[in-house]
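There are 2 protein chains.
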Amino acid sequence: MKFKLAFIGFGVVGQGLAEILEEKDFRKEYDFDYEVVAISDMKLGSIYEPEGLDISKVLDIVENKGDLEEYPAAEKGWDPIETIVKSDANTIIEVTYTDMKTGGPALEHVRTALKEGKHVVSTNKGPVANEAKKLLELAEENGVHYMFEGTVLSGTPAINLALMTLNGCEIKEIKGIVNGTTNYILTKMEEGMEYEEALKKAQELGYAEADPTGDVEGIDAQGKIEILSNTVMDADIELEDVSREGITKLTLSDIEEAKKEGYRWKLVGSTKKTESGVDAKVSPEKLPLDHPLANVMGPTNALTYTTDYLDEVTIIGPGAGKKETGFALLVDLLFINKMEK
Amino acid sequence: MKFKLAFIGFGVVGQGLAEILEEKDFRKEYDFDYEVVAISDMKLGSIYEPEGLDISKVLDIVENKGDLEEYPAAEKGWDPIETIVKSDANTIIEVTYTDMKTGGPALEHVRTALKEGKHVVSTNKGPVANEAKKLLELAEENGVHYMFEGTVLSGTPAINLALMTLNGCEIKEIKGIVNGTTNYILTKMEEGMEYEEALKKAQELGYAEADPTGDVEGIDAQGKIEILSNTVMDADIELEDVSREGITKLTLSDIEEAKKEGYRWKLVGSTKKTESGVDAKVSPEKLPLDHPLANVMGPTNALTYTTDYLDEVTIIGPGAGKKETGFALLVDLLFINKMEK
Numbered sequence: 001m002k003f004k005l006a007f008i009g010f011g012v013v014g015q016g017l018a019e020i021l022e023e024k025d026f027r028k029e030y031d032f033d034y035e036v037v038a039i040s041d042m043k044l045g046s047i048y049e050p051e052g053l054d055i056s057k058v059l060d061i062v063e064n065k066g067d068l069e070e071y072p073a074a075e076k077g078w079d080p081i082e083t084i085v086k087s088d089a090n091t092i093i094e095v096t097y098t099d100m101k102t103g104g105p106a107l108e109h110v111r112t113a114l115k116e117g118k119h120v121v122s123t124n125k126g127p128v129a130n131e132a133k134k135l136l137e138l139a140e141e142n143g144v145h146y147m148f149e150g151t152v153l154s155g156t157p158a159i160n161l162a163l164m165t166l167n168g169c170e171i172k173e174i175k176g177i178v179n180g181t182t183n184y185i186l187t188k189m190e191e192g193m194e195y196e197e198a199l200k201k202a203q204e205l206g207y208a209e210a211d212p213t214g215d216v217e218g219i220d221a222q223g224k225i226e227i228l229s230n231t232v233m234d235a236d237i238e239l240e241d242v243s244r245e246g247i248t249k250l251t252l253s254d255i256e257e258a259k260k261e262g263y264r265w266k267l268v269g270s271t272k273k274t275e276s277g278v279d280a281k282v283s284p285e286k287l288p289l290d291h292p293l294a295n296v297m298g299p300t301n302a303l304t305y306t307t308d309y310l311d312e313v314t315i316i317g318p319g320a321g322k323k324e325t326g327f328a329l330l331v332d333l334l335f336i337n338k339m340e341k
Numbered sequence: 001m002k003f004k005l006a007f008i009g010f011g012v013v014g015q016g017l018a019e020i021l022e023e024k025d026f027r028k029e030y031d032f033d034y035e036v037v038a039i040s041d042m043k044l045g046s047i048y049e050p051e052g053l054d055i056s057k058v059l060d061i062v063e064n065k066g067d068l069e070e071y072p073a074a075e076k077g078w079d080p081i082e083t084i085v086k087s088d089a090n091t092i093i094e095v096t097y098t099d100m101k102t103g104g105p106a107l108e109h110v111r112t113a114l115k116e117g118k119h120v121v122s123t124n125k126g127p128v129a130n131e132a133k134k135l136l137e138l139a140e141e142n143g144v145h146y147m148f149e150g151t152v153l154s155g156t157p158a159i160n161l162a163l164m165t166l167n168g169c170e171i172k173e174i175k176g177i178v179n180g181t182t183n184y185i186l187t188k189m190e191e192g193m194e195y196e197e198a199l200k201k202a203q204e205l206g207y208a209e210a211d212p213t214g215d216v217e218g219i220d221a222q223g224k225i226e227i228l229s230n231t232v233m234d235a236d237i238e239l240e241d242v243s244r245e246g247i248t249k250l251t252l253s254d255i256e257e258a259k260k261e262g263y264r265w266k267l268v269g270s271t272k273k274t275e276s277g278v279d280a281k282v283s284p285e286k287l288p289l290d291h292p293l294a295n296v297m298g299p300t301n302a303l304t305y306t307t308d309y310l311d312e313v314t315i316i317g318p319g320a321g322k323k324e325t326g327f328a329l330l331v332d333l334l335f336i337n338k339m340e341k
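Here the protein sequences come in this chain order: A and B.
The working numbering puts the first sequence at residues 1 to 341.
The working numbering puts the second sequence at residues 1 to 341.
Keep in mind that the hints were calculated from the coordinates and are not lab data.
Warning: the hint list may mix true and false statements.
Stated by the list, open to error - Computed cross-link-like contacts, DSS-like style, restricted to lysine-lysine with a CA-CA straight-line distance of at most 25 Å: (1) Lys101(B) x Lys338(A); (2) Lys273(B) x Lys172(A); (3) Lys338(B) x Lys341(A); (4) Lys134(A) x Lys341(B).
Using the sequences and the hints given, assemble the complete structure.
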């Protein structure tokens with residue numbers, strides 16, 4: 001098939017994918033036949049060009065002018081739903097804003113696209129956290145794919161590792177470090193920094209936001225554990241079903257005390273199959289230094305899958321970043337390309 | 001498609017897959033429609049039954065009688081090539097003996113199957129080490145798949161991680177622990193055992209063979225590095241192009257000395273892209289304790305992929321075992337199933 005792509009949202013992650021598409025000849029080297037036909041972004045504006053957009057020109061205009069006003073296109077000003085429904089795109093790249101509690105407005109974009117028989121690749125946590133089962137069923141009913149590698153550990157294979165390369169295994173437990181900001185802060189505290197100083201450093205480097213609550217209180221990790229539970233572990237839980245404690249109560253002296261005993265504090269997220277569903281939580285854990293997760297430092301993430309046939313399989317890699325998350329969208333597109341050949 | 005499977009070879013790994021197929025309802029739970037129609041094994045004999053074999057009965061007879069003589073089947077006594085050509089199997093599970101230097105006789109089995117337009121899944125290192133490019137081209141020409149996850153790190157995603165879940169990334173370097181026997185021996189030496197004692201322990205546990213040369217001299221690791229170079233790094237090298245040093249020169253005092261300095265000896269295999277191809281080697285390396293590979297202990301294996309978009313991604317998991325390697329065949333079959341839908 002020829003992919004006709006529409007970006008719904010064109011912020012950091014969308015632009016990350018667009019830059020990647022410009023860097024290699026994916027049409028030739030990866031047998032991936034595509035055009036980008038539409039972009040609809042709340043801030044930058046909306047363009048639709050059935051003949052295909054010039055991505056390098058789009059990136060240039062966005063960088064230099066701050067919006068897509070100047071780009072000549074067949075249609076302009078379509079909102080996300082219009083772009084999904086009216087354009088001839090057959091694949092939607094959903095990278096807008098999402099509310100973790102309701103999944104909106106991204107949820108409506110994903111649902112509409114799947115109902116229209118369009119593939120969806122997305123890094124948006126909201127829809128998959130809230131409605132994974134329903135959306136995957138909707139995709140199947142409409143003969144299309146819904147893929148979301150980038151929702152957990154950015155492009156580091158986490159979802160696809162479980163669903164594709166561990167396919168056939170039962171995954172009994174998943175445990176890991178799924179938030180880079182807190183792991184970076186804990187690493188700096190391990191080096192002797194106080195919490196406030198480490199947080200400031202994380203903010204300077206762009207790892208933490210001005211309001212760091214989502215990271216340091218474990219809410220981001222909670223959402224990722226919800227996603228892993230509902231997609232890989234076949235559960236059907238809500239955000240609140242993942243018990244949560246962040247790192248804000250950990251002091252430098254807690255960390256130094258653990259260090260003396262040969263332990264290291266980590267913010268660990270986990271979900272484990274039980275007779276009635278899953279037992280899911282996020283909380284600081286004091287791990288012995290020879291534990292595989294204890295040596296995952298800085299903004300790096302890691303997940304250990306406990307399976308029936310392979311026992312423990314651990315993946316370690318980046319958890320965030322423009323190119324890292326943009327790549328997650330690419331690998332999902334390349335998977336669909338293989339499956340639709 | 002409905003998979004009609006023929007086992008060429010039915011030793012430990014083949015039986016591992018057969019046992020797995022009996023354990024879950026893959027037809028229903030994984031939408032994997034299959035029958036096993038043939039088995040051809042040098043020691044156990046050969047049976048072909050176009051209606052499908054009763055795998056539980058096959059496993060039972062093999063265990064209790066030591067060969068397939070008693071199993072009633074439409075055809076008996078076909079050699080591997082006859083089984084591949086004459087049976088109506090559309091997918092060949094190639095798990096026979098292989099010579100790493102020539103790839104034979106497995107190479108001929110794989111080549112014949114692909115020429116006949118039959119998919120091949122295999123854990124056999126010889127063919128892919130020697131002829132990866134040609135065999136993959138042959139598969140493509142004939143519209144079928146040739147997959148070999150189990151040749152490196154058993155079922156731990158190594159090949160599929162690189163080719164599927166890191167698809168789109170350029171892999172610049174691969175480095176890791178690809179032999180469980182030597183890693184087990186080094187772990188025991190780390191605990192204070194002399195080399196000879198650790199080797200004996202490894203032999204008792206079935207990690208090392210009576211003649212341990214292939215493992216301890218790094219030849220097994222050399223073959224795996226050759227495979228990774230020729231499949232993931234797009235190189236075209238011979239076994240001898242991977243420089244090799246085993247662990248037999250390491251003494252307990254080397255290990256204890258490193259330990260005092262905060263280092264740990266590991267047998268490391270690596271392959272790195274260069275301007276003219278790859279620089280590939282297997283040799284003992286003294287790693288600092290905070291290096292991700294330093295903490296991979298016992299028979300566990302690990303690989304770090306250095307990529308353009310994700311920087312370093314590390315996978316850690318088992319490197320051998322009956323079910324672990326049998327699973328590698330299963331996951332390859334399930335991939336083909338997804339791609340042929």
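Hints versus structure:
| no. | hint | in the structure |
| --- | --- | --- |
| 1 | Lys101(B) x Lys338(A) | 33 Å, violated |
| 2 | Lys273(B) x Lys172(A) | 38 Å, violated |
| 3 | Lys338(B) x Lys341(A) | 11 Å, holds |
| 4 | Lys134(A) x Lys341(B) | 21 Å, holds |
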